[in-house]
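Enquirer: From first to last, the protein sequence lines are chains G, L and X. Per our numbering, the first sequence starts with residue 19, numbered consecutively. Per our numbering, the second sequence starts with residue 3, numbered consecutively. Per our numbering, the third sequence starts with residue 69, numbered consecutively.
Treat the hints with caution; some may be incorrect.
As the list claims (entries may be wrong) - With a Cα cut of at most 35 Å, we get these calculated DSBU-like pairs of lysine-lysine:
(1) X:K202 to X:K182
(2) X:K235 to L:K637
(3) L:K637 to X:K202
(4) G:K108 to X:K164
(5) L:K602 to X:K164
(6) X:K185 to G:K108
(7) L:K164 to L:K444
(8) L:K29 to L:K364
(9) L:K602 to L:K29
(10) L:K637 to X:K185
(11) L:K364 to L:K30
Claimed, not checked - Which chain L residues face chain X? A few, computed with CB under 8 Å, are given here:
(12) V534
(13) L635
(14) M639
Just so you know, these hints were derived from the structure itself, not from any lab. Don't be surprised by glycine CBs; every beta carbon is placed ideally from N, CA and C.
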Amino acid sequence: MIPLDHFLILGAILFSIGIFGVLTRRSAIGILMSIELILNTANINFIAFNKFLGAGDGLGQIFALLVITIAAASAVIGLVLIIAVYRNTKNIFAENINLMKW
Amino acid sequence: MVKYAHLIPIFPFLAFTVNILFGRRIKKASALVSIAASFVALLFSIITLFGLLNGNGSYSLGKWLAFGSLTLNFGVMVDPLSCIMLLVVTTVGTLIQIYSIGYMHDDPRFSRFFAYMSLFTASMLGLVLADNLLALFIFWEGVGLCSYLLISFWFERPSAAKAGMKAFITTRIGDVGLLIGILILFSSTGTFSFSGLEHAGGNYALFTVAAFLIFSGAVGKSAQFPLHVWLPDAMEGPTPVSALIHAATMVAAGVYLVGRTFWLFSSHPLSLIWVAYIGAITAFFAASIATVNNDIKRILAYSTISQLGLMMMGLGVGGYSAGIFHLVTHAFFKALLFLCAGSVIHAIGTQDIQKMGGLLPKLKVTGVTFIIASLAISGLPPFSGFWSKDEILSEALNTGHPVLFIIGALTSVLTAFYIFRLIFLVLFGKMRSELHPHESPKVMIIPLSILALFSIFMGFIGSPFTGYAFQGFLRFGTASMPAAPRPDHFMMAVSTLIAVSGIGLAYSVYILNNKILPDSFRAKFALLYRVVYNKYYIDEIYEFIFIRPCILLSNLAFRFDSSVVDGAVNKSAGITVMISELKSWFDMYIVDGIVNLTAKIINAFSRLLQLIQTGLIQFYLLVAILGLVAIILFKFMGGV
Amino acid sequence: MNSGLIQQLSSSVFYIIAGLTVFFAIRLVISRNIFHSAIFLAMVLMGVACVYLYLGAEFLAIAQVLIYVGAIVILFLFVIMLTASIHDRAISQMNKQVLISAAGAAAFLLLIIKVIKAGSWQANNPSAPELSIKELGKSLMTTYVLPFEAISLILIAVLVGAIVIAKSGKR
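With the rest of the complex left out, here is chain G (with noise of 0.2 Å):
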């Protein structure tokens, strides 16, 4: 059997991954991606701990799927946002996206 740690560990990797490439990447279409591979971390935290630490009603399961309800709605949302954005300033680049400098 696979031990809880290691399933966790999975997630820590795959977290810090997606954390590098929301700060990093410079398309926002990149950004939302990264953010999709971060909340499927955060479920597989969830299915395990769930598994290994579960009551019997699998409320981590079912907390997984809200969540993933969830995300596909931001991204939805994000990818929208992304395309007004793109439609009127032609750029999508995280970078040029600074109204909100002082």
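Start from chain G and add chains L and X according to the hints.
Expert: Chains L and X only, in chain G's frame:
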């Protein structure tokens, strides 16, 4: 009855207050207020006289000032001398004020004039009733003030304003002497009152000096040489003022003062002789100027100076009653002379006698009263002036002063001469210019007539016909006066001769050889004529000796003030400006600098912090992640 | 058969799949070509689905593949193709924060691993019973019906919002 004597000055003073405060509203009625007050004062004076005859003499009114060990008492002096003065002042004053209704009729400051006249009357009456030197001095200054106010009554004329100042300043010089004299007497004896001083003794030399000083006050007020210069210029005032103040009453105050303090002079013969000689010199000197002057009022002014000199001379030789008698008669005929002159001026409009002539047919009453007054002043019997002048001359001779007698006699000749010169040039002969004279209104004529009556008959009260009642009255209640004079027929003849010769000389010069003789005299004695005509250049000498240095000094003081004092003020202002500039620099650069620096520092810091707000999400996320790492690390290190 | 061998086999397969997933993930965040990134994303998601299988969550694995790979990735691809003009292969996809982010991510990873290692999990005893789909569905509709409904609300909001935003550009 006499206990009410102190009310006598109160009535004119009330009239003054009323006229000053309500003059604008009551206008012409102010004259009535004044005259009524004057007349009531006259009535009270008569009552006081009778009271004196019944034995009511001086009395005290009570304590006035008290400081330390010294108390000044205030009282009223009721004795023959003061009674006589009261009657003279009130009578002449009332008549002149009645005359003024007509003379000042068109003047815009009509009520102010009568207010001043009332104030003067009140002060003069107070002076006469004062029973101590201090009160006398106070009223002395009061009459001086009124004189100033009335001389410069028409102050729009610069000559009138200057004349007022000249009068005030010149009499001031005399008043300083008077004050010092009073203080010397006070410091020696500790009292101011006449009765107290008379009975106190003191250092002979000191008292002599005091007598000289008191006389200097009289010199100033009575316009004796050398302080006579103000009186001719005082003719700038209205003619009634000249008549009342500068002929009849105020100038007589000096003579009154000498009379009041006569015991002081007679017990220090040096001062008495000084009085006599000053009087004699003044008399002759002024008479000489009057003979060549061409202004009616100035001739009369010099005449006044001359007659006052005669009075002083009379007192100075010991003739107490002679001097006072002449004062009384002079008051009436001099007032009359001035009022006639005023009438002539009012009729013609000029004061230059060279422009007048032949006025007698046109100005009948004025002319006749003018002649009566001139006869009185010349000393022709039986007019009033004869009796008084005769007594002075006889006193001078009989007390062993022949020089004074001769000077007095010559003066009398000149007096008769110049007064009839005036008469002949003004009333007789041809009219020398194109002027249209008219007789004055009744309100001016009636006082002239009354004064003329006095001029004719006043002398009799001091004559043998009444047994020398006047002189006797003066001795009333005292035992220390000289004996009554006896009729001196020799002297009377001499006096008559003097008068006639003077008149005759004038007649011959001006009527018979009209103009030829004066011109030839003028040509022959050109230099002498010029000197006398210019009043012996006294005014010019004073100007040079006294006035110029004084003006120089005040200029110096002014320049000192404006350069040094104002300079110091300006410098200190400059220093203040400099200091404030410094402070403003300090405030601007340092204080504001600190404030600005603070702002700049904060600005720099915020600039620094602004770098965090890049507007880039990824940057923010990075910071968040790093922060999280840091916290976990911290936790691991065993931190907080 | 030897269950230990099967177990060992399944464990090693798991590690292989895990390694592949990580590999693809790395390539996902590094690749210059967005298109490639999208494909790698699909790979990663499938790998995660396999991990779910290993954890006994079959329904979730299927759901994962269906939703994520089937819909989301397709969506990504559409958007990539819509914005293709600016995704030039020549431009580097890394921004300026690379080094720091790498360091931060590495530090984070290390710390998390430390935390995990320090935790006292009952690691080796999978005690939870495996749930069937039937059980899962019942649980979803009864005990956890509130989140379920909330999720539906969210989905409606997302739908409307997406339409609105996508539409507003046309005006």
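Enquirer: Could you grab the alpha-carbon distance between K108 (chain G) and K164 (chain X) and see if it respects the 35 Å cut-off?
Expert: Between K108 (chain G) and K164 (chain X) the Cα gap is close to 21 Å, so the pair holds against 35 Å.
Enquirer: Taken at face value, is the distance from the CA of K29 (chain L) to the CA of K602 (chain L) at most 35 Å?
Expert: 82 Å, violated
Enquirer: If you take the shortest Cβ to Cβ gap from L635 (chain L) to chain X, is it below 8 Å?
Expert: With a minimum Cβ separation of about 7 Å from chain X (threshold 8 Å), the hint on L635 (chain L) holds.
Enquirer: Given the hint that K202 (chain X) pairs with K182 (chain X), does the C-alpha gap stay at or below 35 Å?
Expert: Violated - the C-alpha atoms of K182 (chain X) and K202 (chain X) are around 38 Å apart, more than 35 Å.
Enquirer: Taking 35 Å as the top limit, are the C-alpha atoms of K164 (chain L) and K444 (chain L) close enough?
Expert: With Cα atoms ~34 Å apart, K164 (chain L) and K444 (chain L) stay inside 35 Å; holds.
Enquirer: Taken at face value, is the distance from the CA of K637 (chain L) to the CA of K235 (chain X) at most 35 Å?
Expert: 49 Å, violated
Enquirer: Is the hinted pair K185 (chain X) and K108 (chain G) satisfied, with a Cα-Cα distance of at most 35 Å?
Expert: This hinted pair is violated, its Cα atoms lying about 47 Å apart.
Enquirer: Hey, K637 (chain L) versus K185 (chain X), does the alpha-carbon distance stay inside 35 Å?
Expert: 15 Å, holds
Enquirer: Quick one, are K637 (chain L) and K202 (chain X) close enough, alpha carbons at most 35 Å?
Expert: 44 Å, violated
Enquirer: Holds or violated: K29 (chain L) with K364 (chain L), Cα cutoff 35 Å?
Expert: At roughly 32 Å apart (the allowed maximum being 35 Å), K364 (chain L) and K29 (chain L) satisfy the hint.
Enquirer: Hold the hint about M639 (chain L) up to the distance rule: shortest CB distance to chain X must be less than 8 Å.
Expert: Because about 11 Å separates M639 (chain L) from the closest Cβ in chain X, which is outside the 8 Å limit, the hint is violated.
Enquirer: Please verify whether K364 (chain L) and K30 (chain L) have alpha carbons no more than 35 Å apart.
Expert: 29 Å, holds
Checked against the numbered hints above, the structure violates hints 1, 2, 3, 6, 9, 12 and 14; every other hint is satisfied.
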